[in-house]
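Protein chains in written order, with this note's numbering: chain A, 1 to 113; chain B, 1 to 109.
In case anyone wonders, no lab produced these hints; they're calculated from the structure.
Here a beta-carbon is modelled for each residue, glycine too, at the ideal position from N, C-alpha and C.
Among the hints, erroneous ones may be present.
Claimed, not checked - Okay, the calculated beta carbon distance ranges per label pair:
no., chain 1, residue 1, chain 2, residue 2, range
1, A, Thr111, B, Val5, 23 to 33 Å
2, B, Leu106, A, Pro106, 21 to 31 Å
3, B, Tyr95, A, Glu70, 39 to 49 Å
4, A, Val52, B, Ser84, 38 to 48 Å
5, A, Gly16, B, Ser58, 26 to 36 Å
6, B, Val12, A, Arg109, 37 to 47 Å
7, A, Ile77, B, Asp17, 21 to 31 Å
8, A, Val54, B, Arg60, 32 to 42 Å
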Amino acid sequence: EAQVTQNPRYLITVTGKKLTVTCSQNMNHEYMSWYRQDPGLGLRQIYYSMNVEVTDKGDVPEGYKVSRKEKRNFPLILESPSPNQTSLYFCASRQIGNTDTQYFGPGTRLTVL
Amino acid sequence: EDKVVQSPLSLVVHEGDTVTLNCSYEVTNFRSLLWYKQEKKAPTFLFMLTSSGIEKKSGRLSSILDKKELSSILNITATQTGDSAIYLCAGNSGYALNFGKGTSLLVTP
């Protein structure tokens with residue numbers, strides 16, 4: 001089954017404790033991205049990757065890091081989480097081209113105390 | 001800077017009503033416009049529109065793109081309570097999907 005998986009689905013942590021949210025897709029998609037979703041602000045892109053070892057900032061990259069060492073994985077790293085990073089995070093992937101429907105992971109709800 | 005604006009932001013209707021959701025876009029190197037439905041979880045894909053004037057239809061939902069007006073509409077006829085959700089549109093520039101803030105639709109019995 002074609003899917004994007006994220007882990008963990010829920011996470012409560014404290015300020016400053018490094019964390020990683022994993023994302024994996026099994027569709028051999030070139031393009032992967034991370035979004036955060038906040039009430040009233042919609043979906044905002046954090047980082048995206050056009051292919052292995054190619055990453056770029058989205059609209060709200062501050063406080064986040066990503067890596068793309070393999071095509072299927074695109075982890076999101078928060079080196080020193082802060083309360084303003086409490087949000088709902090979505091990973092997404094798609095093939096680049098005219099039939100480029102984007103598939104979303106199930107979401108990770110992160111709370112930083 | 002690319003921009004996608006949806007209207008209205010929020011809508012409450014009665015079951016059986018027809019609704020029209022709007023999306024306008026300013027996207028560099030525009031390739032397509034996508035509509036998603038989001039209930040209490042991840043957005044799920046509804047439509048992708050690339051050509052102006054060609055309606056896409058799925059059951060009671062339909063959508064059309066107007067490239068001259070840089071806009072799209074999503075119609076839902078004979079609404080049901082299960083249509084209650086946030087509806088998102090996104091403009092695709094090839095490099096990124098730029099999402100609007102969504103329209104929150106509530107269908108009351």
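Checked hints:
In this structure the hint that A/Thr111 and B/Val5 lie 23 to 33 Å apart at CB holds, the actual value being about 30 Å. Between B/Leu106 and A/Pro106, the C-beta spacing of about 23 Å keeps the proposed range 21 to 31 Å intact. Our hint of 39 to 49 Å for B/Tyr95 and A/Glu70 is violated, since their Cβ atoms are close to 21 Å apart. Separated by about 40 Å at the C-beta atoms, A/Val52 and B/Ser84 satisfy the suggested range of 38 to 48 Å.
In this structure the supplied range 26 to 36 Å is violated for A/Gly16 paired with B/Ser58, their Cβ-Cβ distance being about 47 Å. A hinted range of 37 to 47 Å for the beta carbons of B/Val12 and A/Arg109 is inconsistent with their spacing of about 26 Å. Roughly 46 Å separates the CB atoms of A/Ile77 and B/Asp17, a value that falls outside the hinted 21 to 31 Å. Taken as a hint, the range 32 to 42 Å holds for the pair A/Val54 and B/Arg60, whose Cβ atoms sit roughly 41 Å apart.
Checked against the numbered hints given earlier, the structure breaks hints 3, 5, 6 and 7 and satisfies all the rest.
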